[in-house]
Amino acid sequence: MSRFWSLLFYCVPVLATVTFLMAIYGVWPLVDCAMPPSLSTAGETIDGLFNGIHLLAVVILLGTGGTIGYVLWRFDSRRNPDGKAQYFSHHTTLELIWTLVPGSILVFLAFYQMNAWSENKMVRPTTVVDGIEEKTGPLVLVKAKQFGWEFHYPGDDGLLETADDLYVEGLLVVPRGRDVVLQLESRDVIHSFFVPELRLKQDVVPGMSQFVWFNANQTSEVDILCTELCGWGHYKMKARLRIVEPEQFTAYTDNLKATYKAPLASIAKYPSASVAADVGGTRD
Amino acid sequence: MLEGHVTEIPRTPLKTPAPIMADERSGVRARFLGAYVFSTDHKVIGIQFLFSSLIWLGVGGLLALAVRWQLAWPWSNMPFFGNALFASNGGQISPEFYNTLFTMHATIMIFFVVIPILSGAFGNYLIPLMIGAPEMAFPKLNMASYWLMWPAFLCVIAMLFVPGYGASAGWTSYPPLSVLATATPTETAQILWVMALLFAGVSSMMGAINYLTTIIQMRAPGMTMFRMPMTVWALFVTALMQAFALPVLTSALLMQFSDQVLQTGFFLPENVSANNAPAVSGGGQVLLWQHLFWFYSHPAVYIMILPAMGMVSDMLSCFARKPLFGYRPMVYSILSIAGLGFVVWGHHMFIAGMSQMLAVSFMVSTMLIALPSGIKVFNWIGTMWGGRLHLTTPMLFSVGFVSMFVIGGLSGIVMASPPVDIVIHDTYYIVAHLHYVLFGASVLGVFGAIYFWFPKMFGRMMNDRLGKVHFLLTFVFLNGTFFPMHFLGRMPRRLADPYVYDSLKDLMPLNQFITVCAFCMGATQLVFVGNFFYSLYFGKRAGENPWQSNTLEWSTLSPPPPGNFLAQPIVQRGPYEYSHPDRESDFWPQTEGQPPSS
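For the protein sequence lines, the chains are A and B, in the order given. Quick note: my numbering has the first sequence finishing at residue 284, numbered continuously throughout. Quick note: my numbering has the second sequence finishing at residue 598, numbered continuously throughout.
Quick caveat, the hints were computed from the structure, so don't treat them as lab data. There's no promise every hint is true.
As the list claims (entries may be wrong) - If you want a taste of the chain B side facing chain A, the calculated C-beta under 8 Å gives, among others:
(1) L434
(2) G543
(3) P562
(4) G563
(5) Y576
Unchecked claim - In silico lysine-lysine, DSSO-like type, Cα no more than 27 Å apart, as pairs:
(6) A/K143 with A/K84
(7) A/K84 with B/K468
(8) A/K236 with B/K505
(9) A/K257 with A/K143
Said to hold, decoys possible - Away from chain A, derived, C-beta distances all over 10 Å, residues of chain B:
(10) F80
(11) T184
(12) P323
(13) G353
(14) A370
(15) L466
(16) R494
(17) F533
Computed from a predicted structure; not experimentally measured. Using N, Cα and C, we set each Cβ at its ideal position, and we do this for glycine too.
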């Protein structure tokens with residue numbers, strides 16, 4: 001019994017480390033528990049940071065948790081029935097070390113990840129138009145509402161937020177291998193646009209127009225999730241993201257324009273189920 | 001087990017305030033009311049806070065179990081309660097009610113359990129006793145601070161009688177969802193929610209002012225600031241944070257209340273509408289609420305852990321029979337956590353749509369706040385190192401606190417990194433982190449503190465064997481419940497049925513494992529309830545100082561008389577003089593050797 005509590009506390013860092021490694025390497029039963037494989041170029045940086053900081057955390061956990069387990073065994077009063085505890089309350093060198101070393105690690109971490117953040121959220125991709133480099137315009141306008149997603153494509157004029165916008169619900173189609181910029185807006189409350197495979201998440205705030213971007217490196221079809229509580233139907237506010245080859249994307253938008261027969265104004269206001277069904281979207 | 005210790009002190013009560021409302025005509029009933037209900041005695045008020053928080057802990061826990069049931073076996077008939085509660089749904093939890101469940105779970109646990117039990121119960125009970133004061137500085141304000149919790153309780157109870165049976169916009173209550181009646185089916189409950197928080201907030205503010213004044217003004221002779229136990233330091237800094245952060249929350253709540261009731265638009269943008277309702281004029285800022293809310297609620301995170309840190313420091317030192325390692329660095333750590341705690345709120349909003357540039361500065365301050373927390377962990381381990389550990393129940397809970405706080409702190413560093421937070425924000429990874437800090441650390445600290453100070457409060461010991469069973473099962477099942485949540489980093493929070501997404505279907509077995517552990521953890525608490533009430537009446541008599549501790553509360557009777565001390569305590573030394581080499585005994589009470597009082 002005297003070693004029982006020590007062993008119990010040893011279990012914490014050991015089991016944490018083992019399960020963490022199982023999740024990283026996908027060992028049963030923790031298969032696919034980590035993030036799904038990344039489909040975007042930015043994903044690698046984020047995954048590197050995610051795994052790197054976790055590895056550091058596991059090392060610290062093994063150190064501190066292991067020491068706690070050791071202390072409980074080594075300094076148990078039952079192992080030392082007659083003795084007295086040591087009388088000290090300082091160790092300047094030790095304290096300096098355990099202040100300065102973690103301090104520098106934290107400052108290093110803080111500065112190390114600034115680039116990843118700015119690439120993902122601050123520096124919008126640019127395109128060269130007529131020899132002038134300017135910020136890439138949005139390819140799709142995403143409008144979130146209780147409880148679904150609308151995806152607006154530009155019509156023949158090539159501009160968003162004009163009368164001839166084409167409008168699909170529940171399915172976002174984007175081309176592979178180029179910088180895609182999305183413009184996010186909300187019709188009612190706060191929603192959040194989350195695509196785990198693209199390592200992309202942004203709250204969609206009513207009254208604000210925000211831009212997010214990604215560059216998908218392979219074709220696929222994945223879920224778009226809402227990750228901000230938006231009402232009773234929050235759990236079913238889903239859509240699909242289909243990443244296709246650039247030529248397929250052109251074909252898709254051409255087809256969309258061709259099949260968009262109904263009066264544009266009325267469609268933009270009351271989308272019919274058939275439009276989404278025509279292009280293979282999923283609707284509830 | 002340590003033997004009881006009786007200090008020889010002259011038995012002349014220091015000061016006995018006349019019990020209020022105890023005149024001849026009002027009789028026994030009024031004496032009961034005066035002594036146990038409308039009492040101005042800080043000890044009674046502390047115990048009142050303790051009991052009401054523990055009752056709410058039970059309620060909040062049951063709500064959590066209902067949430068877990070739905071995540072493991074969605075839309076299936078809930079055992080025992082399903083048919084009674086949700087008859088109209090065939091025993092199922094409806095998606096609207098699921099939102100209510102987690103909203104009220106968090107609201108109750110944060111505002112009615114953790115904050116009041118730490119600041120209200122232990123703050124009230126321990127501050128005057130530990131600094132050698134006969135009472136709080138403002139006893140009537142203190143009584144008012146407890147009785148203002150009741151309107152808050154009543155607001156929450158009243159929610160049961162309005163549509164939705166509770167607020168459902170999350171404990172963060174983000175507008176426009178919480179404000180637009182067309183967007184949420186529980187608009188009346190949202191108004192009651194705001195009112196409940198207003199009352200609870202004003203109660204905390206009154207408590208904070210009282211604690212600050214008492215600690216600054218009413219310390220016993222010889223009790224310098226740097227001779228105060230860590231518990232008092234932590235409660236002092238907590239009161240400072242409450243005094244500065246709560247006014248901001250209160251004004252934000254009043255603004256939300258006015259948006260809901262007076263149709264103002266502080267937090268509503270122009271032309272916002274839901275469900276095709278006519279647009280409201282708005283003109284305000286949605287993110288303003290989040291800034292104001294987190295300006296309070298991030299310091300609140302530290303309000304919910306600092307007092308537990310203080311109490312754990314005292315318990316570790318006592319049961320290691322060793323001076324606290326690095327007393328002054330511990331004090332400076334608490335102060336810097338409090339200071340930095342006011343400039344890190346933006347890390348809740350990395351992807352909320354605030355300036356991305358701002359996120360970088362919040363990231364730096366958040367990284368830095370990990371440093372004082374880390375120093376505290378190292379100092380706790382340093383306190384145990386070379387000690388003579390008595391693994392009593394409160395000691396096990398204290399070590400459990402340190403062990404769990406390490407995990408919660410480390411996952412905090414992971415999410416302090418904004419690029420990583422893009423992925424894990426609003427997922428179960430966050431749920432894992434916050435429960436490691438709030439349950440793994442704070443609640444284990446609270447349990448330890450109850451086992452530790454129960455003898456002082458009620459004069460009897462709690463059963464140590466049952467306490468150890470309680471610790472062991474709680475510790476195992478809490479890890480079984482919360483650790484696997486780290487592996488649900490792609491499952492968003494607050495989804496009534498995550499499995500509508502094909503990509504999340506494979507997470508169901510893991511969720512079922514978590515739910516089984518959560519139910520076992522809930523059942524384990526019955527051991528605590530049984531032990532608590534059994535010990536209240538049949539526990540072993542404690543004596544004055546059952547743990548052979550140094551601090552002042554152990555130098556008076558258990559429970560202490562009105563006025564607390566039989567003679568004016570005069571403090572001779574710091575609180576952590578354990579195992580002094582010049583002494584036979586391994587402890588040295590703070591007042592020992594004081595000149596006899598005249």
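Structure-based check of all given hints:
1. L434: violated, 16 Å
2. G543: violated, 20 Å
3. P562: violated, 36 Å
4. G563: Result: violated, 33 Å to nearest chain A Cβ.
5. Y576: At about 7 Å, which falls below the 8 Å cut-off, the nearest Cβ of chain A leaves the hint on B/Y576 intact, so it holds.
6. A/K143 with A/K84: violated, 70 Å
7. A/K84 with B/K468: Roughly 25 Å between the alpha carbons, so the hint for A/K84 and B/K468 holds.
8. A/K236 with B/K505: At roughly 14 Å apart (the allowed maximum being 27 Å), B/K505 and A/K236 satisfy the hint.
9. A/K257 with A/K143: holds, 19 Å
10. F80: About 24 Å separates B/F80 from the closest Cβ of chain A, which puts it past 10 Å; holds.
11. T184: violated, 6 Å
12. P323: violated, 4 Å
13. G353: B/G353 is in fact no farther than 10 Å from some Cβ atom of chain A, at 4 Å.
14. A370: violated, 6 Å
15. L466: holds, 16 Å
16. R494: violated, 5 Å
17. F533: Non-interface label on B/F533 holds, nearest chain A Cβ at 26 Å vs cutoff 10 Å.
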